[in-house]
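Chains as they are written, first to last, in the numbering used here: chain F, 1 to 226; chain C, 1 to 834.
Facing chain C, according to a computed beta carbon distance under 8 Å, are these residues of chain F, among others: (1) Leu56; (2) Phe89; (3) Val97.
Read the hints as simulated data drawn from the structure, not as lab findings.
The beta carbon of each residue, even a glycine, is placed where N, CA and C say it ideally should be.
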Amino acid sequence: MNILDARNITKRYFVGTRQITVLDNVSLSLNEGEFVVVRGESGSGKSTLLTILSGLDRPEGGRVFIAGQDITDLREDDLAPLRNTTFGFVFQSFHLVPSLTALENVMFPAELANDMAAREKAAKLLSRVGLAERTESYPHQLSGGEKQRCAICRALINEPRIIFADEPTGNLDSANGNAVLDLLLELHRERNTTLLLVTHNPEVAGMAERVVNLHDGRIVTDGGHA
Amino acid sequence: MAVMPDFRYIRRQISRSRHQSLVFILCVALSMVTLVSLGSFSRSVHSSLLRDARTLHAADIIIRSRAPFPADFEAAVTALEKENAVESARVYEFYSVVRKVAEDDSLLAQLKVVEQGYPFYGQVKLASGRPFHEVLTSGSIIVEQVLLDRLHLQVGDRLKVGEAILTIADVVVSEPDRPVNFFALGPRLFVAAADLEALDLVGKGSRVSYYILAKVHDQRRLANIAKELRGFPSEERIRVETYRTANSRVKRFFDNLLFFLNLIGIFTLLLAGIGIQSTLAALLKEKEKTIAIMKTLGARSFYIISHYFGVALLLGLIGTLVGLVVSLALQNFLPSLFRGFLPADIGLGVSPVAVGEGLFIGFMVVVLFTALPLFGLRDVKPKAIFGKEEQRASRHGSTWLVGGACAMFFLIMVLLRIRELKTGLYFVLGTGILILAAFFCTTWILRQLQKRDEDPLIFRQAMKGLFRARNSTRAIIVTLAAALTVVFSITLVEKNLDASFIQSFPADAPNLFFIDIQSQQKDDFLKTLGIPATTYAVVRAPLVAINGERIDPEKERGKRGDNLGRTFNLTYRKFLLDDERIVAGKGLFRPDWKEPQVSVLERVLEMRDMKIGDLLTFRVQGIEVSARISSIRARTEKGLKPFFYFVFSKGVLEDAPQTFFTAVRLDKERIAPLQNHIVARFPNVSVIDLTEAVTVFSRIMAKLSTIIRFFTLFSIVAGFLIIISSVFATRHARIQETVYFKILGAKKRFVLAVFSIESLLLGLISALLALIFSQVGSWIICWQAFDLTYRPFIGTSLLLVMATALLVLSVGVGASLPILTHKPAAFLREQSDE
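Please build the complete structure, drawing on both the sequences and the hints.
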């Protein structure tokens, strides 16, 4: 059974009076434990596709199923448990909560899920990614690579079934970018987590088990390496 | 680069920060609204009172005394009458118990015995519409409707007043020289002077106010005649004033009340000033990236500051105009707020001075309170374009300069409004201490909160919110705590007064006072009274010198509070009362001193410093009596038992004209029969039911509290405006938090709970601080000013705290609600666009 199934997704935006179709009848399925890269140029609609697949936004047309459950029309509050335990997110801009320390950022999803071992789990994860000394640092005190490692820990703490990663290396230099990517892949393999990664970088795409190419809001190729 | 301000730029900056601009405008308006409305209203009242001054005094010259006018003074007035310079009328005012002729029913009334001619100006309006002088003839009286209602009488019935039986001829509707009767302990009763002797109520030492009202035929001579009478050598304290210089009781009361309200107005100005500063700082923070870009492109700090000063000035001008409109509108509401305290027909007008004053205050407030955030723009670095971290403002010399200028402005406002250096400095000091205490306590509490990390997730997030960048947490708490302290204090003091006097009149305190018992009546009176009672001799006399240095009564009377310019009740005895103790001296009197001695109550020392051995000189019925201070006494209990400021040793006052009084405790149902019984036998003795007097006092207190609370509300609004401004200033951070929380799986309920608890914490901290400060303040007020044993009213205090917390919660959550609906995807898109 597919962990994610998106059928005929369409998304439009209005810029002033002008209508722009960002996604045009896109269908995509992911298998459990699969590492898929959605690749495309800037403006191809790849980030929009990710937000729709992860329930952060709604399509104008089409349906999205997660483990067989239709999440397309779910209310924000009904999506919350999915975001908390089934999904993990890693963004290009990290999106760490500025008022929380690294440890608190990582703990947060686990605490929301009433996990009594949230603190220990978070500390262990941060230690695993080399941030044991930075647990009490606030996001503005961390480097880009550290922030992204912290964000990956946060995405993984509730052991989600799918990780959505939007250009996770986009804001990092190549050394840090490679390190972050290696970490993501290592954890993906280790936990058999489905990883959907959006990038425009061919090198990153080259590491995927499957690459979906997007152009002007349409899937032009799906499958195989880049 | 051009330095000329670009008005399109200024307009755009305002329109893009509409919410903050609106809060800024409201803060400016708020800063002036109380002072300008009060100033304008005060001018209207004063000009009304001045315009109708003759009517309000019913004469051109008003001469008053607490004792009968000396014969030579009377002769001087008569001489003026004979040369046709003046026309005069004697007026006597005092309280006395009047009773029904046929039944035992009596009532304390405020008697006004007047000669023909009164009033020279204005009219005593009667219910029948007939002229006053035609109705008030010998044998008849005119009374207030309340008296008829309470004694179940009607016009035409007879009433026993003192020893005379007089017929009620009419009902008085209004009298010119008493436009307000809010403070009276009993209804008005007019008696013709021809019946004064028949009343037999004015004995030696009786509490009577003696007046001579004079109409001057040639107004050009007014000042000279007054001067001539004022310079008349008299041993009695006779006050001679013209209608221009005399302060009516209404004006005196109004001035005192206004004095206090002006303090609140200045307090509001200060808090609104904090609001202005914090709102502009938030607005400028929103513009930080724009400013950084301008600097990157080569704009100098002066160019940027001048443009944002333009923004502040334009908003300030709008705020000032809004404030003026609201102030003038408010002025129309004030007469109903002050109803009962002021004449009903006060003419209201918009005075150009008030408008000018409003514009000046508005301008100064904007310039001074925006200076710091504007100077702070120098610290914005071009690297702020990247918006990676919050830039911290540094302190320059200008910070202290602006701070000093703000403090000076505050002080000048206080001195201009209060016109009394000592009180002004006390007020500034008090306000300063309050705000500093609030500041330091808030800082300490916030530090403690910041250390906590063991609380449940929601509480932790809420506390984190308090330390969010741009969150004006400290400014909000300081402002609210300071404003609430005033409101809470008023409530607590009012409650204490209410509890001490009204709800539970002290069980052991006397509730019935019998005054003006003549010496020859004393034994008979005590027998008639039928219950054990102590009588106290009372000799009324002013203090005229201390150690030979003469007291200037005019100067003394100018002081706020009790003063040495009044006539005191002196007594004599050999022993200390049960509720007295000696605080200085070796006993009440010194056996080794042969000269006359006097023991002084500690409270007198608050009026003038005195010490043992000082020689006090009183004028008793024209004779100067000196006595040396042998001891200083203090009262051990605070309550309503009789006490005397000056107690003489035996052998000094015994032969002076004196009356006696006594005070007893009686069950409420026994008061009326005893009053009727005593009055029937001793018509000249006044019976004062203290529980009745306390009801009048309570009514006045309740009304005053309402007025004060109304004006204090404005300072609380300043606190709320800062909360709203703070929510706007942190809008982006709050949306960011909301979105991140949602992405990580939080429900809307969680986010709402976080924001709610954050607001609740703000409200609770502010209210609890205010409660502590107000408990201390109210305790001092009750102890120092009212001599009461203080009760903290824990239940009411907790209710006040809860009500405040709920109010702050509503304002905070209300302002945050639109943020909760923000969709994660939209925010993420905006972020990636930047």
